[in-house]
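Student: Respectively, the protein sequence lines represent chains A and B.
Position 23, counted from 1, in the first sequence is what this note's numbering calls 194; the numbers after and before it change by one each time, with no gaps.
Position 327, counted from 1, in the second sequence is what this note's numbering calls 498; the numbers after and before it change by one each time, with no gaps.
Check before you lean on any hint, since a few could be wrong.
Identical chains share a label here; the pair holds if one copy fits it or two copies do between them.
Each computed DSSO-like pair below joins lysine-lysine, with the alpha-carbon atoms no more than 30 Å apart [what the hints assert, rightly or not]: (1) 196 - 477; (2) 328 - 242; (3) 399 - 449; (4) 549 - 215; (5) 399 - 455; (6) 307 - 242; (7) 350 - 328; (8) 328 - 449; (9) 235 - 214; (10) 223 - 235; (11) 235 - 254; (12) 285 - 527; (13) 215 - 355; (14) 310 - 328; (15) 449 - 508.
Rather than coming from a laboratory, the hints here were simulated on the basis of the structure.
2 protein chains.
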Amino acid sequence: MEDVIIFGATGSIGKNALDIIRSNKKIFNVKALCTNANIAVLKKQVDEFNPKYVCVADPVQADKFKDVLKKGVKFFYGLSGLKEFCSLESDISVMAISGIAAMEPLLAHIPHTKRIALANKEAIITGGKFIFNKAKKYKTEILPVDSEINALYQLFKSDGKVERVYLTASGGALFDYSKPRVAKITAKQVLSHPTWKMGRRITVDSATLVNKGFEVVETNRFFNIEYKNIHVVIHRESVVHAMCEYADNTIFACMYPPDMRLPIGYALFYPQARMTVKGIDFSKRFSLSFQPVSFEQFPLLELVIKAGSEDNNKLTVLNAADEIVIDYFLKGKVEFKSITKILFDIYNMCPAYMLKSVSDVYKWDTWGRGKTMELLDKLC
Amino acid sequence: MEDVIIFGATGSIGKNALDIIRSNKKIFNVKALCTNANIAVLKKQVDEFNPKYVCVADPVQADKFKDVLKKGVKFFYGLSGLKEFCSLESDISVMAISGIAAMEPLLAHIPHTKRIALANKEAIITGGKFIFNKAKKYKTEILPVDSEINALYQLFKSDGKVERVYLTASGGALFDYSKPRVAKITAKQVLSHPTWKMGRRITVDSATLVNKGFEVVETNRFFNIEYKNIHVVIHRESVVHAMCEYADNTIFACMYPPDMRLPIGYALFYPQARMTVKGIDFSKRFSLSFQPVSFEQFPLLELVIKAGSEDNNKLTVLNAADEIVIDYFLKGKVEFKSITKILFDIYNMCPAYMLKSVSDVYKWDTWGRGKTMELLDKLC
């Protein structure tokens, strides 16, 4: 039995991971579950999977949760509780906390697990160096769960020398919309992603291709591929997740239906391969389309890649700004086009510094949040 | 320098191999060239590549060629000459003789080379067992050049356990034609293959999907994959050459533009990967389509796979019949629909026997040719 801890158990990644565990109870034991604030979903999960340890990071929700908890379950709460929770030992831990909030628990937890199924990209794009160093020190495997990066992880195991990689992008919910229409788009329209069911911020990031820019940076951090050899291709169907091109121009493409349970299952069962979802149905006719991406249509993709390749504090700041401005957008406080404006403004006003430690990451994250709110207050 | 011998130098595979060698003269030395009868092309190749040894199998053409040969080139001719030619030593030999005629030189040559780039499928589907046994004994690598099988060869190097494979089929020149129209089709119409430039027989075999059936059998012989796990998918663009599906339903697809120089280059440069052709152009929009294959539309595909899975003399007989009937068709002696009729007739009238040795293969090949001509004489 593999002891599994899930950070971010109540989000879509956490739910998918539990869905796989539900069908494989002889292989996995849910040792511990952690959520930020969604105690209603957590309650059901605790009842079904009987973890020995439970954590609710939000103190207000934690207070409500205490009363409904079964006896014999050890309860952690608040930020200090989360810190303690990170010292629990596991065989596999799913890190599905969203945003840069994952950084601290991720770093704290690395010494206590054999493998992290990593479903968070903000920690890698901002503090990747520090995370990989620590993982190396403690011999902790980090397996990317993000479908594109996971596809590359699978493809890189082939023994050819990879020259170039292609990350596919669905183009998001607004791909076919005109520019004036995009500027006025509502949160609801953005959140109807054509192929992937995901969290709210990442769905908006998919529409701006900020998410794809982050994946380009992840690809550089995970596989040490130069930026000039990482390409983005629009692929509306989200069936091909990534491609590797070898020196002879042969391409290996990694394909499966757009269902996050497959890459999550990959990370859980690794190095075995077990079925979690149905495969591509070749008994039906289908097409896969590819088209170049336009930086004019998606200026933030270019901006994020540029910031990533500078390898300084700017991507940390952009990530912070992106999180804040999307929050404002989803609450209806600013228009969709403000996301682009704010990110360019913050990039331009941010002085460039090297990140020398994790505390530098936090410092620039805080700086980015503060500056973004200042800018947004003027807009609202 | 790698000494290279090319059997079938004047056909499309031979020419493509020499095209690659032309651009890599510091790596490859053309030691010897062999053709059946095309002395006009051979003359040019000899002038350009200066092989030390030359062979013309057809005695009449050989006689004409003698006079034009440069001094210092050792000349082999006729079937006895070809036999001697097979004892020349090489680092890499390209076996591109077409039809079952490749069997004898292939078997004779295995002890004298380190690697065979095999572009012939008839030898594998009829006498594969004897070829692989001999190659194993002499530690000779056999690398498939056929694009689909080559794609699988590349994909199998990945360390996952392959559960199922998909071979793609362009569908050939007649895919969109109605059944009555197909029955009356001319040789010229069949020979205009949509995506691949190939030899004449294989182009007809592509239109009937007999060629794809042969590849299914090759896949079984090369990789020991059960027939039930080998699937054929229609893919008109011939960009995806084959796919492997792992236990978790992830598919790796091997993709490149339809240009035989890539798999030939793969076999020549192996284990290095070097560029021989331009890669897929992602700066342009394109689509890849997939649709199920219909055994009703392609009854010979089913017949060939059935014969292959029986693992007896029947596929040898079918191959012989196919070669003869296509020859009649290309000469305008019989209609296109006769190919299907003859192959079914010959399959049904052939008694089933195990093949115990290479001489059994030859015996049934001869039987198949004789019976086919008898049947055809009644038709013509």
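Student: What hints, given by number in increasing order, does this structure fail?
Tutor: Violated hints (numbers, rising): 1, 2, 4, 6, 7, 13, 15; every other hint is consistent with the structure.
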